[in-house]
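Asks: In the order they appear, the protein sequences are chains A and B. Take the position in the first sequence, starting the count at 1, then add 213; the result is the number in my numbering. Take the position in the second sequence, starting the count at 1, then add 3; the result is the number in my numbering.
For the record, the hints were derived by calculation from the structure and aren't laboratory data. Where hints are given, some of them may not hold.
To be verified - The calculated EDC-like cross-link candidates involving lysine to aspartate or glutamate, where the alpha carbons are at most 20 Å apart (straight line), are: (1) A:Lys458 to A:Asp240; (2) B:Lys104 to A:Glu304; (3) A:Lys246 to B:Glu97; (4) B:Lys26 to B:Asp7; (5) A:Lys732 to A:Glu502; (6) B:Lys74 to A:Glu367; (7) B:Lys104 to A:Glu320; (8) A:Lys536 to A:Glu502; (9) B:Lys26 to A:Glu367; (10) B:Lys51 to B:Glu71; (11) A:Lys431 to A:Glu502; (12) B:Lys130 to A:Asp283.
Claimed, not checked - Calculated Cβ distances over 12 Å to all of chain A for the following chain B residues: (13) Ser19; (14) Glu53; (15) Met64.
Glycine included, each C-beta is placed from N, C-alpha and C at the ideal position.
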Amino acid sequence: MEEYDTLMSLIDGMASDFLFIDGSEIDMITAGKFLNNLEGLIKEADGRKIFQLKTVAGGVSSLLEKIVLDDIDDKEAGFNILEKGIALMQEIGESFKNTRGYEGNIENFMESIAALTGARILEEPVEASWEEPQPAEAIDEIQDDSLLRDFIVEGLEYIDEIEVNLLNLEQEPENLDCVNTIFRPFHSIKGVAGFLNLERISDLAHSLENLLDRVRNKELSVSSRLIDIILDGADALKALIVELKENMEGNPGDPLKIDLTALKKQIESVESDDSDTVEVKKLGEILVEDGAITEENLEQGLEAAEKLIPPKKIGEALISEGKVTPKQVSQALRKQTKQAADTAVIRVNITKLDDLIDMVGELVITQAMIRQNSFVLSNSDRKLGRDVSRLSSIISELQRTSTSLRMVSIKQTFQRMSRLVRDLSRDAGKKVGVVTEGEDTEIDKNMVEEIYNPLVHMVRNAVDHGIDSSEERLKAGKPEKGIIRLKAFHRGGNVVIEISDDGKGLDKDGILKKAVKKKLVDSSHELSDQNIYKLIFLPGFSTAAAITDISGRGVGMDVVKQAVEKLRGKIDIDSTMNKGSTFALSFPLTMAIINGMIVRVGSERYIIPLTAIRQLLRPEKKSYNIIIGTGETINVMGNLLSLIRMYNIFGIEPDHKNPWEAIVVVVEGENNSKCLLVDEILGEEEVVIKSLGESFKNKKGISGGAILGDGNIGLILDTEGLFELSEI
Amino acid sequence: MDVDKNIKILLVDDFSTMRKVIKNLLKQSGYNNIVEAEDGVDALKVLKSEKVDFVISDWNMPNMTGIELLKAVRADSDLSGLPFLMVTAEGLKENVVVAVKAGVSNYIVKPFTAEVLNEKIKKIIEKL
């Protein structure tokens, strides 16, 4: 019968090949042929519904795989079973060809396979199917320096490649080619390191390789956490190779501070942050586990709960039936939430989050409006009063929580900066180390992107201009290797990011000379150190004369300052000759809400950021003086501070023109404080900052607007801008 | 039976340090006639232009992987009988089975010693 021809020829092919095998060892080429034949046979048997044949062929195939993989102790027995299997397949095939059926028994044969391969098939970890790595003695033979040197060069190149490709992967997380381009170098490094007996390198590369393999197999999705960890891993790998290099060159650097075990653990424990895999136990299950109820109780309870009208939750139903105490239920509920909290992470689109935070902002405003509504204020209903204040506290909690949703740690930003320092210092031929502090400090996600470019520029400056050359450092008695310190912390309602270097410090005379030359400042002015430093922020000051690859890329410090101010932040500079400089950026924690003092000038209302206010007072008449060169001043506790008459600046008719009849708000600027003259303090309020739109974007003295609790609109004052306006 | 140490061996690996490592191991066992290629595409060019007796190839390479090279070799009537030793560190048995089905002569797992490598080569040559 023709329909069995293919099938028979496959079996017969194997049978005749089998005759040519000498000894009881099957060579790999023949094994490969057999495996392909068996695969074809299984398909063929399946198509013709000869299930006995399919089963036997499957069994033979898995046995053969084991033999090929050296996974069978008794090779002789394996070989015999293989022979029997081929004979059995021939028998089944013949029988079908002649009678379209097979009455024989295949169980015995299948059992003999199972007996031989047995549990090992299932339980042996896959790795064990491979040959054990060979003992190290022979490897030492090839441990020669030229190989090591090659490995160092090539290995470092590979890691650079990895870094670039990781950034690509972050852009296109779905692109498997990207994953492969990262996987391969790790793989190669691991391979060679294995030969060269570089155990730590090969181990680490191996973990990273496995991690990427999981990504390749879609067991893990590409998340920023994953990228972070791979970057960490690549960094550590690089450090290990550099260490190797330094040791070879005979000038070992500082011992590595990397905790490889911890890093490996981290790498191995990366989990997909797809939330849908999280399973939270049902309340009933927890109650049963706790022994509060039996399974039977649970089932009855569930039934009863469904029948009730309206249906009750299982907890309530069990309580009302007296099966559990409310305490047991609440404990179980707590366990359930905790369990969910332990495991569940949900990815949320950032625009949804922004919308949410916006809406919460609106809610805060509306709530304030209701609270200040004259009807509510004059209402004597105590319940309404209580409810309104409860509403307020819930809303402020909601506001706090929703703002925290958008907070991320600054770690990744710092890591990028560290990487940048490393690359830049190499290009500049300087030795620079990076120390980071406060990596866990959280900042608004939107801010991360906004501060990135200013930070890059400042780090560039620190490497290029801040850190002095090796010779200069040695001459000045400093260690050859410069240090750039990145530090983040919270201070008040602000987050502060400091970039310090231990370089030569800002050259005051040089800055001043240059500023005078560029006509940015009048040479007749006596300037304080702070004011000299601040000259570098002036547009047109940029050191573009010396364009290097590192700084002077057209972005001057003026752009940095603008970017920082856009975030309502400020930059402080501290510098000591030959000791180094510190640039401290401070930003309000959140970009959307500020605490403000509402003041009134004439019929207008203004909001002064609370962080800027130092003092409120009504001065005595005698503390008001006019001083030549400075103008109007108020003596505040012995300090003569300039007076800014708000009504003059904004062109309003005030209630009072005499400071001793009005109120003075002492506000702090970057380097000095000034007094703002206002008519009345209306109170303190949290306000949501609204942009005034493009046309008012660069209006000095005003940073935005806000809707006040009473529904009126107030302008938010920008004190720095006000100071500048007052100095004109 | 002693294996002819003058056989021409083609060594395929994208990592040049790795090629050097394996070359050293081969030399330790007395094999000195070695040509190199840095990936499958490169290897095929070599195989087309000169007579090679034995291929030792890495699995994981850009442009053309070891398994693709093996398949291409087996599919080419001029080369189909060429002894092919796959060097790999892939810790998965599925990979070996794939290689075996594709007609690999044998496989060897990194890292390995000169003896093991020689052993594998001998085993393959003896079966010819």
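Asks: Take the hints in turn and mark each one as holding or not.
Replies: Against the structure, the hints:
A hinted pair counts as satisfied when its Cα atoms are at most 20 Å apart, and A:Lys458 with A:Asp240 does not qualify at roughly 44 Å. With a CA separation close to 25 Å, the supplied pair B:Lys104 and A:Glu304 exceeds the 20 Å bound. Between A:Lys246 and B:Glu97 the alpha-carbon distance is near 16 Å, which keeps this suggested pair within the 20 Å criterion. Proximity of B:Lys26 to B:Asp7 is assessed by CA-CA distance (about 17 Å); at most 20 Å being required, the pair is judged to hold.
Pair hint A:Lys732 plus A:Glu502 does not hold up; C-alpha atoms about 80 Å apart against a cutoff of 20 Å. Between B:Lys74 and A:Glu367 the CA atoms are separated by roughly 29 Å; this puts the pair beyond 20 Å, and the hint is violated. A distance of roughly 27 Å separates the Cα atoms of B:Lys104 and A:Glu320; the hinted pair therefore is violated under the 20 Å criterion. A hinted pair counts as satisfied when its Cα atoms are at most 20 Å apart, and A:Lys536 with A:Glu502 qualifies at roughly 15 Å.
Taken as a hint, the B:Lys26 and A:Glu367 pair is honoured in the structure, with Cα atoms around 17 Å apart against an allowance of 20 Å. The suggested pairing of B:Lys51 with B:Glu71 holds, with an alpha-carbon distance near 16 Å, which does not exceed 20 Å. Straight-line distance between C-alpha atoms of A:Lys431 and A:Glu502 comes to about 34 Å, which puts the hinted pair past the 20 Å bound. The suggested pairing of B:Lys130 with A:Asp283 holds, with an alpha-carbon distance near 18 Å, which does not exceed 20 Å.
Distance to chain A contradicts B:Ser19 as a non-interface residue, since its nearest Cβ pair spans about 6 Å, not more than 12 Å. The beta carbon of B:Glu53 sits about 23 Å from the closest Cβ of chain A, which is more than 12 Å, so the claim that it is off the interface holds. Once the 12 Å rule is applied to beta carbons, B:Met64 is inconsistent with being away from chain A; the minimum gap is 8 Å.
This entry does not satisfy hints 1, 2, 5, 6, 7, 11, 13 and 15, going by the numbered hints stated previously.
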